[in-house]
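Student: Okay, here's what each chain looks like letter by letter:
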Amino acid sequence: MPDKSFALPSSIAVIPGTEAAQAAYPYFTQFVPEDDEKFWFYNSMHFPEPMHHFDMITAEAAYVAMGAFNTRVHVLPTAKGVDHRIINGRVYIGGVVVTDPDEIAERVAEFQQRAGHYYENWESLYDQWKVKMKALIAEAQALPSPSLPDYEPLETITEGDAVPASHDLLKIYQQQIEGYHRMWHHHFEFLLLGYGAYMTFFGFCKKAFPEISDQAISRMVAGMEAEIFRPDEEVKRLARRAVELGVDHHFTDDMSIEQVLADLDKVSDKGKEWLADLEQSRDPWFNVSSGDGFYHYHRSWNDDLSLPFAALPGYIAKVKAGENIERPTAQLIEEREQLVADYRELLDTDEDRATYDQLIELAHRVFPYVEGHKFYCEHWYTNLFFNKIREFGRLLLAHGFFGPDGVEEDVFHLTQYELESAIIDLMLAWGVGAGPRGPAYWPAIIATRKAAIVEWGKHPTPPALGNVPDAIDDPAINMLWGITRENLDRWLDDGTENPNELKGFAACSGVVEGTARVVKSVSEIGRIQQGDILVCQVTNPTWSPLFQKISAAVSDIGGSMSHMAIVAREYNLPAVVGTGLATVKIKDGARIRVDGGKGTVSILEDA
Amino acid sequence: MKSVAWFSEVGIADRPTAGGKGGSLGELVRAGIAVPDGFVVTTAAFEQFLEALEAKEPIRPLVEALDPNDLDAATRLSEQLRARVIGDPMTGEVETALKDALNQLCADQRPVAVRSSATTEDADDASFAGLQDTFLWVLDGASMIEKVRECWASLYSVESMTYRRKHGLPEAGVAMAVVVQRMVEAKCAGVMFTRSPTTGDKSVITIEGAWGLGSSVVSGEITPDKWVLGKITGEISQRDISDKHARQVPAPGGGIQEIENEAEIRSAPCLTDDDLQALRAIGRKVEKHYGKPQDIEWALDQDGKVLLLQSRPETVWAQKDAKAAPVVAKEANPIAHVMGLFTAGAKK
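Those sequence lines, one after another, are chains D and E. If you read the first sequence in our numbering, its first letter stands for residue 1, the second for the next number, and so on. If you read the second sequence in our numbering, its first letter stands for residue 608, the second for the next number, and so on.
No lab work stands behind these hints: they were computed from the structure. What you are looking at is a predicted structure, and each value in this text was computed from that prediction instead of being measured. Check each hint, because a few of them may be wrong.
Derived DMTMM-like pairs (lysine to aspartate or glutamate); straight-line CA-CA distance at most 20 Å [claimed, not checked]: (1) E/LYS927 / D/GLU178; (2) E/LYS833 / E/ASP847; (3) E/LYS899 / D/ASP253; (4) E/LYS937 / D/GLU409; (5) D/LYS549 / D/ASP253; (6) E/LYS895 / D/ASP161; (7) E/LYS892 / D/GLU178; (8) E/LYS794 / E/GLU654; (9) D/LYS130 / D/ASP168; (10) D/LYS450 / D/GLU409; (11) E/LYS609 / E/GLU671; (12) E/LYS930 / D/ASP350; (13) D/LYS598 / E/GLU842; (14) D/LYS503 / D/GLU513; (15) E/LYS927 / D/GLU409; (16) E/LYS930 / D/ASP253; (17) D/LYS130 / D/ASP150; (18) D/LYS549 / D/ASP588; (19) D/LYS206 / D/GLU409; (20) E/LYS899 / D/GLU418; (21) E/LYS927 / D/ASP253.
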């Protein structure tokens with residue numbers, strides 16, 4: 001029996017005043033007494049902030065797809081999907097493991113055959129995947145904006161179509177929901193297998209070279225043309241173009257983006273040429289979210305240019321100083337090959353060299369997906385999805401659903417099911433010719449939910465609930481969330497050791513001392529000053545233009561394979577991930593030391 | 608054979624005449640590694656000297672007749688033979704050769720280090736051939752000759768003689784070479800292993816160092832700073848900067864002395880990141896030259912230039928390597944390895 005445990009789910013009370021908002025989440029996400037038997041952890045890696053009711057679809061669709069692929073498509077031998085629950089706006093998840101030896105044996109046979117097919121045909125299946133994914137994106141882009149005319153256009157009659165516009169609302173909405181679910185299926189088609197192959201190489205290296213850094217391993221594997229690095233590369237390109245075209249003086253730290261765009265259009269052909277370059281970068285590369293795409297308010301660079309523009313002055317200064325800031329791809333490939341060869345030479349036996357060759361080859365085969373899929377899924381598609389929901393928000397707002405003080409963003413306070421009912425309310429009203437019921441119904445509910453989100457955000461969230469199992473045997477949970485028995489023990493022990501030191505995964509080596517900038521949401525990234533150490537719940541690859549400004553990064557959650565870890569290593573930025581409580585324990589402005597090699601963060605001086 | 612050989616004239620294969628230390632320093636020079644300049648007093652010098660001694664009175668037959676279990680007899684014989692090796696007049700020929708070499712090495716009158724260089728493998732490891740036969744900061748020709756004779760005399764220590772008798776080694780082959788080397792007035796010094804001493808990992812380099820001469824690190828008198836670097840990547844994954852209370856420096860009349868470290872340097876790292884990278888590059892080069900992990904002594908001179916004082920094969924982990932099984936069992940294809948990960952939970 002484990003000697004320590006986290007609070008049981010049944011002991012976690014709904015924060016007073018938020019009961020109605022809690023009850024509005026789907027019934028299947030509410031904790032029930034039987035859930036006390038299971039172990040749950042807070043998925044702060046994907047959902048570090050309280051969930052707007054609509055945004056719960058991100059959890060739901062992802063867990064539908066992940067479960068289906070683990071349990072029934074790939075048939076992972078020991079792990080099925082993950083259950084999810086929500087309390088006080090926080091998403092808890094728990095793995096479902098297979099323990100019956102007969103069932104495992106049966107699943108091993110299935111898995112071998114299925115995974116084998118994927119690994120053997122990886123490139124062609126991934127090429128096919130990209131075609132599928134781009135078609136899905138095109139489908140979403142082709143969906144019209146929902147709107148209701150006073151009268152149907154005459155063509156409805158003359159072309160014998162005779163299906164009125166109200167029906168299109170339902171069709172667009174349902175197609176968009178369907179598309180979003182399909183995107184998540186595509187997302188999980190390769191993910192676990194890709195991580196699995198990478199982690200196998202990783203595990204081999206750790207055995208052969210017990211002191212090798214995670215950074216060295218990922219540098220051996222890293223792809224060179226991954227889509228997720230491309231947006232930042234585009235910003236660098238635009239910085240270079242600004243200097244080449246002699247329009248760089250327009251870009252300053254306190255610029256108004258609108259003003260700059262207007263000025264460039266006026267000043268000269270050179271200004272227009274730069275704007276054309278910008279357009280070229282925007283489609284598709286600025287379809288990245290400034291967050292990780294799990295919340296509706298993680299807007300894309302295209303929707304909010306402030307993140308890429310914030311990076312331009314720094315890059316321009318470097319270009320003018322004669323620095324080459326763009327990734328030297330050929331050189332990087334050569335370095336990677338050298339690294340692979342040098343480590344190989346250190347192995348003692350022919351058997352090990354043979355295994356090493358097999359595993360690095362497989363890791364190289366799968367890695368383009370591991371690095372690249374996020375751009376298509378979490379960023380590009382998700383952004384289209386939330387923007388389409390925004391269009392429904394605009395329509396409902398116009399019909400008074402959110403009251404006189406409402407805004408289109410209020411739509412995200414409805415669950416996906418409630419939103420469909422509101423759409424049907426509007427369809428009915430439009431057809432009936434009477435007023436919809438929504439304007440009298442939703443504003444009060446939305447006000448309650450807004451208040452609940454604010455309230456939930458003020459309360460600390462336990463990192464886990466329930467009894468800690470002896471071992472976390474779920475390879476999916478190990479891989480995706482970095483949750484191991486060791487770090488659960490660490491979370492439980494927290495505070496009993498040195499209160500001024502936090503431990504996490506050593507993501508990228510280097511020792512840095514500096515001022516902590518505790519950033520709890522994407523909207524705060526403007527506060528980051530040159531040389532600050534970023535402290536956040538989870539960082540995101542698209543924050544990478546900011547990596548030129550910061551000297552180190554610390555996160556609450558994330559394993560050695562988390563995107564933050566990958567990107568930190570790519571930018572050679574000292575980083576410690578998965579510290580559990582950095583954003584709680586470290587005060588904004590405190591002086592801290594980050595040791596990315598040891599995985600420790602020390603608070604030197606409180607703010 | 609000449610009684611003096613310059614480092615550039617010997618290599619590792621010359622252990623029988625230049626000794627292990629001399630041969631390896633020569634080998635380092637051949638590999639293009641900077642070492643303090645110096646020469647080897649070869650076994651030929653020793654043989655010539657011993658021949659002259661034996662012409663007066665036998666030495667080797669007395670050792671061969673020794674009962675290794677009779678400690679009293681061994682002690683008496685050791686005292687007698689050591690007194691002769693240290694005290695009897697040296698042949699003019701050898702003495703001139705040594706002094707000429709020293710004049711050539713130190714035209715500027717700088718001090719030298721005198722270090723014994725044993726010809727047999729096991730003598731490297733045996734404790735009696737260790738520190739006591741390194742004489743630092745030797746100031747002039749006469750002192751140098753004296754220290755060379757002390758090194759030779761160590762062959763006739765009680766431990767050394769009884770060891771030979773117990774193993775039945777013929778006295779005829781017993782000889783000692785001596786290294787005479789320009790003294791490095793080290794800003795800091797220490798050791799470097801081109802693998803991890805704790806895990807045996809060959810992908811890292813461990814560097815330890817402290818202020819002043821390396822003798823304080825080798826003897827364990829102070830806790831050195833310690834770093835772990837990726838051998839291939841150069842990333843510095845560990846930095847333990849210690850409180851280094853003292854350092855060893857040259858004593859005015861020759862030899863060395865220990866002095867307190869000033870407060871401002873006690874807890875300051877003795878190497879910069881650039882120094883660490885320079886050491887790593889040298890460590891890799893030496894390891895490549897020998898084809899196996901090395902145990903290295905290094906020093907930084909006052910200008911910050913890295914010099915190696917010694918390099919020998921790492922032995923502790925090398926013995927384990929010889930028995931090493933593959934890290935993981937061989938599989939026909941990579942997917943079988945990946946399967947292991949996905950069924951990890953089932954194997955308990």
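Student: Each hint needs a verdict: does it hold in this structure or not?
Tutor: Structure-based check of each hint:
no., hint, result
1, E/LYS927 / D/GLU178, "violated (59 Å)"
2, E/LYS833 / E/ASP847, "holds (5 Å)"
3, E/LYS899 / D/ASP253, "violated (54 Å)"
4, E/LYS937 / D/GLU409, "violated (57 Å)"
5, D/LYS549 / D/ASP253, "holds (12 Å)"
6, E/LYS895 / D/ASP161, "violated (80 Å)"
7, E/LYS892 / D/GLU178, "violated (61 Å)"
8, E/LYS794 / E/GLU654, "violated (38 Å)"
9, D/LYS130 / D/ASP168, "violated (29 Å)"
10, D/LYS450 / D/GLU409, "holds (11 Å)"
11, E/LYS609 / E/GLU671, "violated (28 Å)"
12, E/LYS930 / D/ASP350, "holds (14 Å)"
13, D/LYS598 / E/GLU842, "holds (12 Å)"
14, D/LYS503 / D/GLU513, "holds (16 Å)"
15, E/LYS927 / D/GLU409, "violated (66 Å)"
16, E/LYS930 / D/ASP253, "violated (62 Å)"
17, D/LYS130 / D/ASP150, "violated (41 Å)"
18, D/LYS549 / D/ASP588, "holds (17 Å)"
19, D/LYS206 / D/GLU409, "violated (47 Å)"
20, E/LYS899 / D/GLU418, "violated (70 Å)"
21, E/LYS927 / D/ASP253, "violated (59 Å)"
Violated hints, listed in ascending order, are 1, 3, 4, 6, 7, 8, 9, 11, 15, 16, 17, 19, 20, 21; each of the other numbered hints is respected by the structure.
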